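In case you want the letters, here they are:
Number of protein chains: 4
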Amino acid sequence: MSAEPSLPTPSPAPRHGVWFIGARGSVATTAIAGCAAVAAGLHPPTGMVTETDPFTSCGLPSLSSLVFGGHDTVDCPLPKRAEHLAAGGVLPHGLPSAVHAELVAADREIRPGGPLPGDTDGDTDGGPVRGDDDWIDVFAADIRDFVARQGLAGAVVVNVASTEPAPADGSLPPSSLYAAAALRAGCPYVNFTPSTGLHHPALAALAESSGLPYAGRDGKTGQTLLRSVLGPMFLQRALAVRAWSGTNLLGGGDGAALADPAAAAAKNAGKERVLADTLGAAPEGEVHIDDVPALGDWKTAWDHIAFDGFLGSRMILQTIWQGCDSALAAPLVLDLARLAVRAREKGLTGPLGELGFYFKDPVGDGPSSLAEQYTELKRFAGRLRDDAETHEAHR
Amino acid sequence: MSAEPSLPTPSPAPRHGVWFIGARGSVATTAIAGCAAVAAGLHPPTGMVTETDPFTSCGLPSLSSLVFGGHDTVDCPLPKRAEHLAAGGVLPHGLPSAVHAELVAADREIRPGGPLPGDTDGDTDGGPVRGDDDWIDVFAADIRDFVARQGLAGAVVVNVASTEPAPADGSLPPSSLYAAAALRAGCPYVNFTPSTGLHHPALAALAESSGLPYAGRDGKTGQTLLRSVLGPMFLQRALAVRAWSGTNLLGGGDGAALADPAAAAAKNAGKERVLADTLGAAPEGEVHIDDVPALGDWKTAWDHIAFDGFLGSRMILQTIWQGCDSALAAPLVLDLARLAVRAREKGLTGPLGELGFYFKDPVGDGPSSLAEQYTELKRFAGRLRDDAETHEAHR
Amino acid sequence: MSAEPSLPTPSPAPRHGVWFIGARGSVATTAIAGCAAVAAGLHPPTGMVTETDPFTSCGLPSLSSLVFGGHDTVDCPLPKRAEHLAAGGVLPHGLPSAVHAELVAADREIRPGGPLPGDTDGDTDGGPVRGDDDWIDVFAADIRDFVARQGLAGAVVVNVASTEPAPADGSLPPSSLYAAAALRAGCPYVNFTPSTGLHHPALAALAESSGLPYAGRDGKTGQTLLRSVLGPMFLQRALAVRAWSGTNLLGGGDGAALADPAAAAAKNAGKERVLADTLGAAPEGEVHIDDVPALGDWKTAWDHIAFDGFLGSRMILQTIWQGCDSALAAPLVLDLARLAVRAREKGLTGPLGELGFYFKDPVGDGPSSLAEQYTELKRFAGRLRDDAETHEAHR
Amino acid sequence: MSAEPSLPTPSPAPRHGVWFIGARGSVATTAIAGCAAVAAGLHPPTGMVTETDPFTSCGLPSLSSLVFGGHDTVDCPLPKRAEHLAAGGVLPHGLPSAVHAELVAADREIRPGGPLPGDTDGDTDGGPVRGDDDWIDVFAADIRDFVARQGLAGAVVVNVASTEPAPADGSLPPSSLYAAAALRAGCPYVNFTPSTGLHHPALAALAESSGLPYAGRDGKTGQTLLRSVLGPMFLQRALAVRAWSGTNLLGGGDGAALADPAAAAAKNAGKERVLADTLGAAPEGEVHIDDVPALGDWKTAWDHIAFDGFLGSRMILQTIWQGCDSALAAPLVLDLARLAVRAREKGLTGPLGELGFYFKDPVGDGPSSLAEQYTELKRFAGRLRDDAETHEAHR
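Respectively, the protein sequence lines represent chains Y, F, A and W. So the first sequence is numbered by UniProt numbering: it starts at 1 and just counts up by one. So the second sequence is numbered by UniProt numbering: it starts at 1 and just counts up by one. So the third sequence is numbered by UniProt numbering: it starts at 1 and just counts up by one. So the fourth sequence is numbered by UniProt numbering: it starts at 1 and just counts up by one.
Hints are computed from structural coordinates only; laboratory data are not their basis. Treat the hints with care, as some may be off.
Straight line, CA to CA, 30 Å or less: simulated DSS-like cross-link-like pairs of lysine-lysine [stated by the list, open to error]:
#1 K80/Y - K80/W
#2 K378/W - K378/A
#3 K346/Y - K378/Y
Please read all numbers here as calculations on a predicted model, not as lab measurements.
Let's have the full structure, built from the sequences with the hints guiding it.
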């Protein structure tokens with residue numbers, strides 16, 4: 001991998017920042033610990049698409065070149081958070097101590113997160129009221145400081161915070177403030193959550209003028225991943241899906257956050273879009289998200305699909321997916337950080353529609369079937385690589 | 001649709017024969033009754049890929065142009081068989097009487113099937129021993145008579161008989177005798193079962209020299225259909241499948257036939273090939289096929305897939321498929337008959353590798369993921385149509 | 001079976017009325033058609049506990065002695081309703097015509113149902129306002145007329161109407177008006193639904209003074225039936241249930257009725273009571289009831305039970321129940337009608353706690369495990385029989 | 001709890017030996033580690049029926065009074081085995097070190113196991129041929145030495161070794177040699193496996209004359225536990241089970257042992273007996289046991305039950321049980337050891353039929369439904385307690 005001539009080239013090798021919104025959450029902690037573990041050869045890169053062919057040869061930054069930091073509103077240090085995850089079976093026992101130094105280093109680069117919902121208009125300390133623009137400035141400064149302090153070639157901002165309720169009116173929700181800060185700091189932005197982020201009308205002009213690539217939203221990790229391969233199957237086989245119903249059980253912070261109907265509504269919108277897009281029309285059926293603390297970070301998703309076959313025969317497919325959301329999300333988050341860093345390096349700008357493979361509700365107008373999205377993703381790798389080869393050639 | 005100039009053109013519109021091996025079985029009965037029902041507008045063509053875009057515009061014979069006949073070793077007339085299927089919920093109540101005339105007509109064109117396993121060397125009547133070649137001649141004559149008697153533009157032979165045990169030695173099993181008869185009668189051949197058919201070394205030269213198109217084998221209707229979309233998902237997401245186990249419960253004739261370990265072995269080989277091909281390596285796990293007469297023609301398939309995610313986290317996907325095999329197979333059989341008729345019309349010869357979408361163990365070297373197979377199938381439609389357009393142009 | 005000396009003894013054999021609230025619904029239609037079919041020997045009495053030992057020898061009225069009638073607010077005649085159920089696979093094809101005469105006879109005994117929710121205070125015809133007591137009088141008169149017209153030994157009233165929303169305040173909901181009418185007409189009352197029925201404080205005195213037996217409420221047909229056998233298993237094995245979550249998918253009228261959150265709340269209360277009673281404490285977890293019209297009268301219930309084993313090991317049991325609610329309910333409804341008739345005959349009064357086997361939320365203080373409830377039910381049969389024998393002895 | 005006057009009474013409190021056949025297997029290791037952990041208050045006694053009412057008040061030996069030893073043919077020391085189990089998630093992390101002393105102490109009391117299948121007739125060292133009786137002597141001496149060396153009030157022998165193939169002829173399989181040794185050493189015997197143990201005709205006289213209590217066989221921990229509660233439900237509700245099919249996936253040593261068709265046959269016989277006994281007749285359907293090493297000690301059991309309801313309506317119940325066999329078995333094994341010790345103390349002899357709650361294929365003629373077995377077990381507790389109270393009274 002090589003940096004472009006027009007960027008400052010740190011010596012001996014450029015390092016790249018990954019700035020997480022929600023840096024002390026399960027996903028970020030798993031990504032940071034896992035990146036260190038895989039880079040050190042302690043684990044194979046299972047779940048990382050960017051470690052498979054053809055993505056290994058398109059100039060992505062190496063895992064060991066990634067430097068982590070971020071914003072969070074909670075205080076629990078990363079090493080302790082990692083211990084909790086290991087106790088819950090999300091991280092292997094022994095991993096938190098094996099990568100303790102990396103966790104401590106990342107934790108040192110975490111800054112207090114900003115406005116909680118409803119907090120955007122004021123401080124509690126009686127000082128002057130801080131407006132949206134002030135918050136964006138504060139966050140952008142945090143990111144710029146991180147890049148400068150660490151001597152990085154740049155940074156990508158990735159939102160992995162808990163899903164926020166859909167904003168009630170035109171005001172900017174926190175996720176949008178962070179997204180704006182990313183652009184203001186000159187960083188590509190990836191929204192792995194269903195929160196608004198850059199999907200806010202007030203940010204459209206900024207996104208367009210920033211000259212930065214961005215991607216999102218709402219990582220496709222489990223039930224919806226399945227739906228994006230099963231939906232096309234029914235369509236291609238001309239089988240008539242009558243009803244598609246689903247229930248998700250999950251504990252952890254995610255379960256509690258999604259027990260809020262407003263947050264669940266945001267999440268379900270993405271799930272339903274996948275069905276409507278892959279089937280051509282939305283079938284009957286609801287999706288439930290239940291908070292079941294006893295399940296911890298493990299999620300169970302049951303889907304029941306009633307479909308008609310030849311001559312109206314009634315058939316049923318049921319699927320039960322039992323996975324660990326953090327372990328499903330973390331490698332994709334690392335993938336996206338690497339792809340966004342490389343896209344920025346290659347001068348790509350605007351919505352990265354070719355990354356629909358990763359999202360429930362992707363930017364752009366790409367296909368909705370996973371297979372076609374994978375084809376797009378490989379084509380995207382080609383765009384990254386072809387340039388790289390050209391560049392290598394004339395060095 | 002137009003016939004090629006070099007073929008006799010019946011007037012006013014060509015009719016095409018579909019000759020079923022196993023013509024009184026559940027699949028054939030459902031296909032014959034269903035073809036009549038859909039042609040008459042009694043039911044939508046659910047499950048028929050050839051009734052969706054782009055297949056509707058590539059010159060396939062219409063459903064009403066198809067004329068049915070075949071071989072079978074059982075005597076139960078088609079109208080009675082259809083009543084049984086309606087009682088078991090496979091066909092809608094009322095359908096057998098609605099298409100009674102068509103069932104009677106097809107039943108009149110069914111000839112006694114030939115050698116059962118072990119019968120190929122002799123007759124029981126003390127007459128001269130009938131050898132393989134004699135059987136082939138008898139069967140081919142039956143097919144030629146059908147075409148002549150009905151004044152057809154041609155016929156396609158489709159094997160939908162019960163799975164036969166894998167042949168013990170070099171001798172030709174019955175399915176291969178029928179396959180040879182198809183070619184000898186100048187007909188394209190489709191093998192929808194796991195039986196040997198044209199996959200016999202002794203028939204390789206004949207297949208090559210016949211100048212006829214053929215396709216197979218082993219229709220992909222349920223569990224394997226699912227596997228061909230789920231396998232690629234795991235591969236594309238770099239998730240490590242550790243074990244893939246499955247159990248099939250089915251009654252009907254199929255359950256009994258597959259309770260024979262030799263027949264089950266033939267069927268399972270196809271299922272396992274799909275996994276090995278789509279995952280890159282065969283995972284742990286077995287496949288069971290149980291005969292459960294109480295289930296009748298309805299099949300339940302449970303799959304349990306143990307896979308590793310990031311950092312070795314253990315995850316599980318389970319699927320339960322409850323379908324009616326005959327209703328799943330029949331529309332695909334009609335699709336294949338139409339595609340093979342058209343391929344013959346267009347002068348295509350040899351193995352039709354682009355039809356892998358339909359088979360567990362397809363001829364040729366096509367892709368194994370359903371999505372890629374669908375892309376191939378659409379390309380195949382283009383070959384049929386493009387030629388047609390060219391042809392139309394210079395008429 | 002013999003009637004008590006103190007009752008008028010019709011000659012040659014007493015006949016007993018079964019008066020359904022909701023007489024044109026799926027459950028009532030299935031019960032009426034099925035009673036005729038079983039009495040005629042067309043089907044075995046599958047699902048009828050009263051046709052198994054020891055219930056066959058405790059003096060219950062024979063199926064052929066039952067005469068049906070009832071109230072309903074809809075007009076669709078029973079024979080037509082039965083045809084609909086046969087088309088949906090609930091009743092066997094051919095059954096509606098085989099028992100046409102019985103359906104017509106029962107339909108002739110159906111009277112227009114009374115007040116819909118919100119209708120209890122007035123008529124729409126501008127006439128005088130009809131109050132609760134007037135409605136009760138009208139309904140009671142309908143029942144008495146039925147008994148007199150048919151020359152019955154008596155009648156039992158069974159509520160199988162759609163679940164009504166929990167009443168908002170102290171007013172009597174329709175189910176309670178019908179329940180009061182039953183008592184006023186001198187009939188035992190069985191509430192097979194979660195609706196209020198006799199569970200209304202305003203009816204407590206009437207219930208006590210009536211000298212009539214009654215039973216309820218909320219028939220235990222599927223998911224809750226399972227829970228009442230699985231709950232005790234966990235308790236007896238000292239396994240710690242952490243969370244019990246469930247989703248029900250159902251179409252038909254029941255699905256639509258229960259899509260009303262207020263009605264669902266009534267139903268869920270019963271389900272949760274079973275868990276809390278059998279486990280000793282209510283675990284985490286929710287229950288969803290989704291209206292999925294595509295499923296018609298067929299119901300699917302998925303339960304996910306997370307439990308801890310030795311040393312805190314995490315284990316999971318999942319159940320998937322696919323049944324037809326009407327076919328599950330109808331034989332139990334016939335059971336209850338026969339048991340209530342016999343209980344009245346034996347002079348039993350008040351809540352029949354021994355019938356907890358049939359209900360989610362039984363009257364009285366009986367056990368909550370199905371096994372113990374079955375033991376109680378057998379003991380109840382003994383009470384019916386022992387008296388009978390005594391009675392036979394001194395005749 | 002008090003020892004009987006006729007036994008030597010160690011001071012201050014009697015200690016009791018638990019001698020495991022298969023003492024280094026997963027079940028024994030889990031039982032030994034778990035006993036220490038629960039006795040030390042590190043974990044609640046989840047899964048131990050003897051720690052629930054009424055079993056806590058019937059004079060059972062305390063957990064801290066149990067002393068472990070046994071036979072095994074493998075060398076891996078218990079502390080190391082425990083580490084393996086913790087790595088596989090069967091034991092909590094940290095537990096092996098927390099109970100290290102107890103594991104070391106038990107490991108010191110493990111003696112080399114004897115004849116493997118086929119080894120009973122000779123040694124490999126060229127020495128004199130050792131016959132069955134010699135082996136029994138050696139094993140009995142090991143047990144007596146254990147009791148003497150530790151100063152125990154007595155010992156119970158519990159077979160938790162891998163299932164052995166059903167013996168081909170009349171020769172005594174290893175499990176029977178150990179069982180005979182238990183009796184010869186004056187110890188109660190519990191067979192938690194499907195192996196022959198005392199169920200051998202050649203041991204019938206010995207069992208009868210020994211004056212010792214014994215119990216077995218084949219612990220009911222998962223799929224069969226479920227069957228013993230679901231079977232009675234169908235029977236009591238008069239629902240007609242048509243087919244009951246099952247597949248078990250398990251890794252660990254158990255999976256490999258049961259991949260041997262002969263061993264699986266022994267295990268399946270017990271499972272089928274439970275169905276036939278609880279349903280009144282054996283339904284259609286098979287049971288598969290697959291070795292899936294990727295699953296480690298975790299087992300998944302899928303059951304598919306096709307049953308008929310009223311008027312022949314077709315319904316289905318499916319269950320999926322995901323558990324850890326060792327964690328399910330270990331607390332029951334501790335229960336049984338305590339109950340057998342106490343039964344010996346109370347002078348009970350012969351087959352303990354009241355322990356059918358624990359077994360697939362119980363000795364004696366007890367009921368087959370779990371609920372009735374639980375009632376029997378509580379009655380058994382009463383026998384232990386009542387005597388105890390009497391005894392306490394006249395001390």
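Now for the hints, and whether the structure bears them out:
no.: 1; hint: K80/Y - K80/W; in the structure: 28 Å, holds
no.: 2; hint: K378/W - K378/A; in the structure: 21 Å, holds
no.: 3; hint: K346/Y - K378/Y; in the structure: 16 Å, holds
Comparing the model with each earlier hint shows no violations; every hint is respected.
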